[in-house]
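On the provided structure of chain W, position chain L as indicated by the hints.
Which chain is which? The protein sequence lines are W and L, in order.
Residues 1 to 69, numbered by my numbering, are exactly what the first sequence covers, in order.
Residues 1 to 687, numbered by my numbering, are exactly what the second sequence covers, in order.
Worth flagging that the hints you see were computed from the coordinates, not collected in a lab.
Wrong hints could be hidden among the right ones.
Said to hold, decoys possible - As a list, the in silico DSSO-like pairs of lysine-lysine whose alpha-carbon atoms are at most 30 Å apart: (1) L:85 - L:6; (2) L:85 - L:2; (3) L:567 - L:667; (4) L:85 - W:14; (5) L:567 - L:85; (6) W:14 - L:2; (7) L:615 - L:625; (8) L:85 - L:3; (9) W:14 - L:6.
All figures in this text were calculated on a predicted structure; none of them were measured in a lab.
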Amino acid sequence: MRSIVRGTQAVMGKAWWWLRQVSGDAAYENYLRRTRRGEATICAGPPLTREQYYLDVLRRRYTGVGRCC
Amino acid sequence: MKKLLKILFWIGVSGAGAGALGAIAFERGEPLNATWFIVAACGTYLVAYRFYSAFVASRVLALDSSRATPAERLDDGRDFVPTNKWVVMGHHFAAIAGPGPLLGPTLAAQFGYLPGTIWLIAGAVLGGCVQDFVILFCSIRRDGKSLGQMAREEVSQRGGMIALLAVLAIMIILLAVVALVIVNALKTSPWATFTLAMTIPIAMLMGLYMRYWRPGRVLQASAIGFALILFVVVAGQWVAESPSWARVFTLSGPALAIAIILYGYAASALPVWLLLAPRDYLSAFIKVGAVWALAAGILLVRPTIQMSALTRFADGTGPVFAGTIFPFCFITIACGAVSGFHSLIASGTTPKLITREGHARLIGYGSMLMESFVGVMAMVAACALSPGVYFAMNSPAGIVGQTAEAAAVTISSWGFPLEPQTMHHLAQQVGERTLLNRTGGAPSLAVGMAQVFSHTLGGTRLLGIWYHFALMFEALFILTVLDAGTRVGRFMVQELLAHVWKPFGRTSWYPSTLLTSALIVGAWGYFLYLGVLDPLGGINSLWPMFGIANQLLAAVALVVATTILIKMGRLRWIWVTLGPMIWVLSVTMTGSFQKIFHPNPSIGFLAYANQLAAKLAAGGLPAAKAAETARLVFNQRLNAVVVGLLAAMALILVFEALYEWFRILSKRAPVVLHEAPYVATRWAEGD
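Chain L extracted, bound-state conformation:
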């Protein structure tokens, strides 16, 4: 009887998920309600977790809970600590959930809700979750080794170096693109700029509290910090309404870019306890809280999806970013479906905390399902906006113009009706001078979130507060990524420079710290500044580059995972990682090729550089404009070189792996698996 009920339950869940997916895919007449998205996503996740992840756990990886994990064998009370699985899952989710799954789906909504939603769900259950789970398992079996170490040991010596360089490249591009998102969200907005600026002294106050007054009292400090943050979100309105204060906090794009570059340099050199750690605590709480609040709000409000299933921009002429659905929808969504960066977390702290191998399924596969759900929420919030408003906010001035009137004419001509008054009225409601040309996805997501929240609490009266709260929540954890990323990038540069001169490798040596911080901040700052000046909005160039770098890292992780499966004698099951690997490589390689060589200047870097160079050669540009155009030409060519190098690195690793697979399968080389030897756990089942 119990078994029959279970079977009926799973038939019900599968039916609900499949039915909702069918409704999303085939509904063309009636407007869709957000509930369909929730049911489709949750139904698929439950079935995938119950059946597919169980299959991967038992057949493909053969998880063995009688085997002692590194946390048990190497328990040192610091790095290796046996920890409750739900606590590890919380840590792991907080670590993998960044701005990517919120911004990527928002940008990809320009194709319509269908391609992005299907990829968010299918890509996660078949690709992203599998990658995170398998890499976590591999790292547990190797005493918590990093992806680079595993690539070096299991694939080739060069594999480790490629992984290190790929991580460094992705870090620089990531930091540039998230900084650009902040600049576009804050420019000429005194309310938002004041709120974010105030988070710096608030974080410092929390840092002092946790360092001197109440050491390590994270929850107390975070509660104080959260109360102060709420206060400054409200106070931001007073600042915006005061002519003298509003002038102080009204900054142009280039001025904000310089401020963020200087801030990034200062923050990376400050002690972690003073700024980075307290803001990290605060942003983690606000991030998790805001995501749950958004999910609850969507369930309560059940907003109607206003975007169509497929827009005309599936043909590659999109104003948010140019390029066809394949490969650009997949590259743009990146983290919400498959994220190469997760493999660094799954081979970092997490494997050192896991008590039993069997927990890797919940933590690796389950956390990524939650991340995908965050992406679906962001897609719903973006698609619940009027398409006209969505395109007015996310299109650069170079395409839709700088005034509401010009934007309304252009966007209406695309078939998305928009009245100039709508943009004026919305800007007024959220307390901004303008919402036009705010590329990057953060402001439109903030408007989407604010509409959901204000329907639940406060109505349109509180729309401005909710908008700035949502914007602050996004900007706060983007700043945390900026600080933490700059610091990690600095350590990587120090590791590389240590090969040239040993003292550079000493992380506590101040001259090395200052020099390497300047190098890493200079690298992302350069891309940021050029992105701000780009008339196509910068996001059009930088976000696809970030997506390519991220997916390339996923390809590296899946190559390592497939090699390990072959060495383990699981040839029969390698399609589990080989399938996503081939897909991710196809996407990355097609995307790289198009971004470099596509003849359309809004897609191909070289075509854009040539177009600008021809304009320059024709003469007639004022001196300042000519210098700026020359810089843009150089930058487009540099972008092409960077993308080319990333693709070349991935190909080298793939060919090395293919050669290794050939040698193993043809028995020309012995199988050497670098697993830690089996040791039986001392703990009884259920410990």
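Isolated chain W (complex conformation):
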């Protein structure tokens, strides 16, 4: 029984993680984590605030074809 509960929790946890990643809800946390680790090339300089980062994501997303017919 306990293993079923644990398995269900694991599946739900993964689904929640995926939903947050796909929706962009976790984008700022990912950005901050990568900035701290110095993984990406733009990470030099102070990190953007959450609001700045959100606006930056939207600006880049809607300048090209991002939605299909």
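This is chain L only, laid out in the frame that chain W set:
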């Protein structure tokens, strides 16, 4: 033992898929159950993914997961970001899944369920998935370059410009046709109009929430937005039942067209965070949720297919749109099987997120399989309706008349029995005054979805709520396509005008923004308005034009893909892209020729223009009607010119590619492949 089990498993899957396909194709006596469609589609998809996509990945493209992708080499934390493959697949599917695979199969159901279903499945596994996969691979190997850039570098200088113009043309026609679908769904329907109108303030509220109160909290804002949307779907019924409020939200076709044109202009000039982005989030969730709910509902309810395998309209006399199965079934289905537009997504954001080349198979090929499945669901929902109801909803007034009595007489004479009371009763059940002449496919799909959902939850008591929920879901993401498309079209016009005067190219310069927005909205608004006035319903002209433009873009993408395969020395395998390319070109060219020159006025633009011009010349029309007829004559001729230009552009690119192939294969020109140089990945297998 394990190997034997695997072999037995795949024999079982193949057998189930082939058996179900056989049942769909050859069953003529007993009514079919929707389960056969699901088994046929899923069985074919599994086999195609396991074997054909693996063959394309290993032999044709030779994907190399030891090679660093642009996301690894150029990682800037913004555009190039290494991302989990399932997350990229979710992004990619959300981007490619639009209204096309829902509406196209619904319209193509007029031929019967068989031609459309076979094309949805076969066209996807052999054409659409291959196109998306190969273009994604090509773009990964070129640092995420766009289709236009690849056409310019690998085919010819002119190739890039042709791709840009083709995209602009498809965008204008697409926006006009989806706007027309909304108009036909909302006209004289206060419930639906109120619900859709309310999505605007709801999206703005979400925009403010994500901008100021809780920046970037997408899930919280979407949950609030979804709750409010559900509330306004229910509240729409109260509005429809209130005489004073119902009058406010009861709009005619032309009035709705003008409202949507004005809205499109305003929305394209507003900041993205206020309206476009929040509605995009909301519509993406509702879209994916509604599609899964429909799939689950069909599995649970297993509706009986009421449409026959082939209807009498295979001869080209269809009331939904005129034309024979070849080429019009393929042009109409478009996105559900092969979509040229996907090549823009596959050479846009997606290649910049992929961590390993090997993931391109799942993301490129796999996502398109899911899109095809959405198309099969739409086909099932349309064919589960009584054929009489289907034709009454999807035929224009010019063909079946404006009253249920007239429509019942005409449609019954075609061999699809229909009682006027059936239409009255159904309209009453879904809370509408009438369901007649609602061309475009959205309302009939909404009725099909509502019947599936109401069988699962709520019964006929909730049919009206489900119908308006389904209609709102379709209209919501059509509006998102309208906003996003107008904005992208604006950027393209700005890019073109920058060649005339540089400041026009500055996207942040307000005079340029206002002017180019007006140009792009004016272009699709013009086609929309004329479509609303067209007595043949507008969809008859505009949807085939959209299909032709879309398939033309697919031909461009497949020409680029084939050229790259030749340059890579994979001549032996070029049939993988050359086959679909020849097919798509045959369809596009035949369709273009027929739409321009066919002697039947309901098919050929010029024949229709001549018929109207003769009526005008004969005199006797009242002044207002004469002016409207003159406008229609001009519009039909304009349609002919647009289709002719699209076909000419495709042919120019094909001939340029053929010349390039000849020079390469005869060794008259050196092979110059514009791939980024090989760099070994720093990541271990499994990262």
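Okay, the hints, checked on the actual structure:
1. L:85 - L:6: Between residue 85 (chain L) and residue 6 (chain L) the Cα gap is close to 25 Å, so the pair holds against 30 Å.
2. L:85 - L:2: With Cα atoms ~27 Å apart, residue 85 (chain L) and residue 2 (chain L) stay inside 30 Å; holds.
3. L:567 - L:667: Satisfied, since the Cα-Cα distance of roughly 11 Å is no more than 30 Å.
4. L:85 - W:14: The hint holds at about 14 Å.
5. L:567 - L:85: holds, 29 Å
6. W:14 - L:2: holds, 29 Å
7. L:615 - L:625: Distance ~11 Å between residue 615 (chain L) and residue 625 (chain L) Cα, so the pair holds.
8. L:85 - L:3: holds, 27 Å
9. W:14 - L:6: OK: residue 14 (chain W) and residue 6 (chain L) at ~28 Å, within 30 Å.
In summary, the structure agrees with every hint in the numbered list given earlier.
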